[in-house]
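*Asks:* Residue-level listing of the chains:
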Amino acid sequence: MAEMVLMRNFGHADSHTLAAYRAHGGYAAWEKARRMEPAELVEVIKASNLRGLGGAGFPTGTKWSFIPKNHTGPVYLVVNADEGEPGTFKDRYLLERDPHALIEGMLIASRAIRSAYGFVYIRGEYVEPWRRFSAAVREAYDAGHLGRGFDVVVHRGAGAYICGEETGLISSLEGKKGWPKVKPPFPAIKGAFGQPTIVNNVETLACVPPIVERGAAWFAGLGTKTQGGTRMYSVSGRVTRPAVYEAPVSVTLRQLIYEHAGGVSGTGRLKAVVPGGGSAAILTADEIDVTMDVDGLKAAGSMIGSAGVIVMDESVSIPEALMVLARFYAHESCGQCTPCRESTGWIYKMVHRIVEGRGHKDDLDTILDVAKRGGGTTICAFYDGAVGPYISYIEKFRSEFEALIPRA
Amino acid sequence: MSAIQTIAFSPEQLAEVRRLQSLYPDGQGALLPVLHMAQDTFGYISLEAEEYVAGLFGLSPAHVHEVVTFYTLYFRAPKGRHVVAVCHNLSCHLAGAPDILAHVKRRLGIEVGETTEDGRITLQSVECLCACEAAPMMQVDDRYELNLTADKVDRVLEGLR
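If you're matching them up, the sequences are chains C and Y in order.
Numbering-wise, our numbering puts 259 at position 259 of the first sequence, and it's gapless, one number per residue.
Numbering-wise, our numbering puts 32 at position 32 of the second sequence, and it's gapless, one number per residue.
To be clear, the hints were calculated from the coordinates, so they are not data collected in a lab.
Just so you know, not all the hints are guaranteed correct.
[Claimed, not checked] With a straight-line cut-off of 30 Å between C-alpha atoms, the simulated DSS-like cross-links for lysine-lysine are: (1) C:K396 - C:K361; (2) C:K349 - Y:K152; (3) C:K372 - C:K396; (4) Y:K152 - Y:K105; (5) Y:K152 - Y:K79; (6) Y:K79 - C:K176.
Next up, chain C with everything else stripped away, as it sits in the complex (with noise of 0.2 Å):
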């Protein structure tokens, strides 16, 4: 099995503590990175080809540098711990069995872009992590890590998907409801209390100490030539060993899910994968062989999102698994444009009659129009995702949709 980079400290007694992190190695990179400048830190994760692992896949080392370097007022940092992704549970491995990397590498990524205070938003719902995490911050705060020059507030989400949207966890982090913001300008112009501010996922955070330990052409050589490194594959659904497995990012779909999760159960016949997270677009059982990277799941039509692996074996039905998911946006939907706020509600009407044998012969073409016109229409990507899984499902599987709709 290849290195572990981000779950390297999982396996240790009390991995979540700070005697431990430091036992086997931590703060290391942090000792380095003080003594480097913020513009150098910035090119090292350029060249490394770090992409966000949050969802949108953007070079972080490209956000950092973002920030206006003639800005002379706060700079924050925002981790995005929001994670809600369908098939997604990584980031709460993390927070809970190695929260140190993160701090560590909060500490490195407020030096690169000059930030004396971060913000982590954890969701709500994530009662233990937030206990866990809280405790390595007040460990690190009592080590003198944290408190000169970088302070750190842990926040506590209430239940609302969109606020892993960064705009909507700003406006919530704001003390309002979740509601994501116009772009132009982009956080790093103008984001938490109208400072610029960096928004990255805990995973992303993660890689930046190993980044800056070993170099950026050890991490960049990790994974393929658009991004570097190995990162943390959530597999759920209908395998013979759910998990999370850590991967280069060259991984195919079908190592993932035949050598990694131990092949698929139920029937041990492969149907449908989703790739991403449930806002990705499925993949049928031979569009399995694509690397699962940014750019792989993108060529294929998908995409890598949050790396959260739902397999479907063939006794699985997709107009429900459909209707499961679209379900999921009607309800999470914040209801600030009208494309997404309207449609999601009626898609899910249509899918769910689909499902109950009520469908009307018209509402899979319905479904598709409505999905086509609403796409790239709204204020955040939350609409485009559901738009995904919408699409394809019913243009991959129309037949199996159709049987269902009685004939009039």
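For this one, chain C is given, so just place chain Y on it according to the hints.
*Replies:* Relative to chain C, chain Y alone:
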């Protein structure tokens, strides 16, 4: 609830509110954490509690109402002593969540959104809690209960007093 509850934090809690507000560049950032405190203290967030919290922030009650109603973890009516939230998203669905939910409903004799007559348990059916590797699962108050079977559900529910 028999007596009319006074909606007010203790002096220690008020100090905590001020500390939380001081952590954010704009004190309003502490609104969600303070609403969590309000819910823990008063049991749920009534319109009176919204007004009280609004006063602590110099915000309009309408703004606080807008926030409270936006998020799923704030209760606007009394809830049971325990909250059982069964995940119904895709990975749990594939692992039998509909059967688990049906089992919980039968055991408790209530529907989703209801509270048992003895005030013991409020039942919810919720979106992905991100523990899909251990599906089907549910959240019971602060804890995740993983890899559920009907037997395990029974044991967990019996443990709730």
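*Asks:* Given the hint that K349 (chain C) pairs with K152 (chain Y), does the C-alpha gap stay at or below 30 Å?
*Replies:* The given pair, whose Cα atoms are some 33 Å apart, is violated under the 30 Å limit.
*Asks:* Mind checking the alpha carbons of K152 (chain Y) and K79 (chain Y) for me, to see if they're no more than 30 Å apart?
*Replies:* Satisfied, since the Cα-Cα distance of roughly 24 Å is no more than 30 Å.
*Asks:* For the pair we were handed, K372 (chain C) and K396 (chain C), check the Cα-Cα distance against 30 Å.
*Replies:* holds, 15 Å
*Asks:* Given the hinted pair K79 (chain Y) and K176 (chain C), is their alpha-carbon gap at most 30 Å?
*Replies:* Holds: K79 (chain Y) and K176 (chain C) sit about 24 Å apart, inside 30 Å.
*Asks:* Sort out whether K105 (chain Y) lies within 30 Å of K152 (chain Y), counting only the CA atoms.
*Replies:* holds, 15 Å
*Asks:* Taking only the CA atoms, is the gap from K396 (chain C) to K361 (chain C) under or equal to 30 Å?
*Replies:* holds, 18 Å
Checked against the numbered hints above, the structure violates only hint 2.
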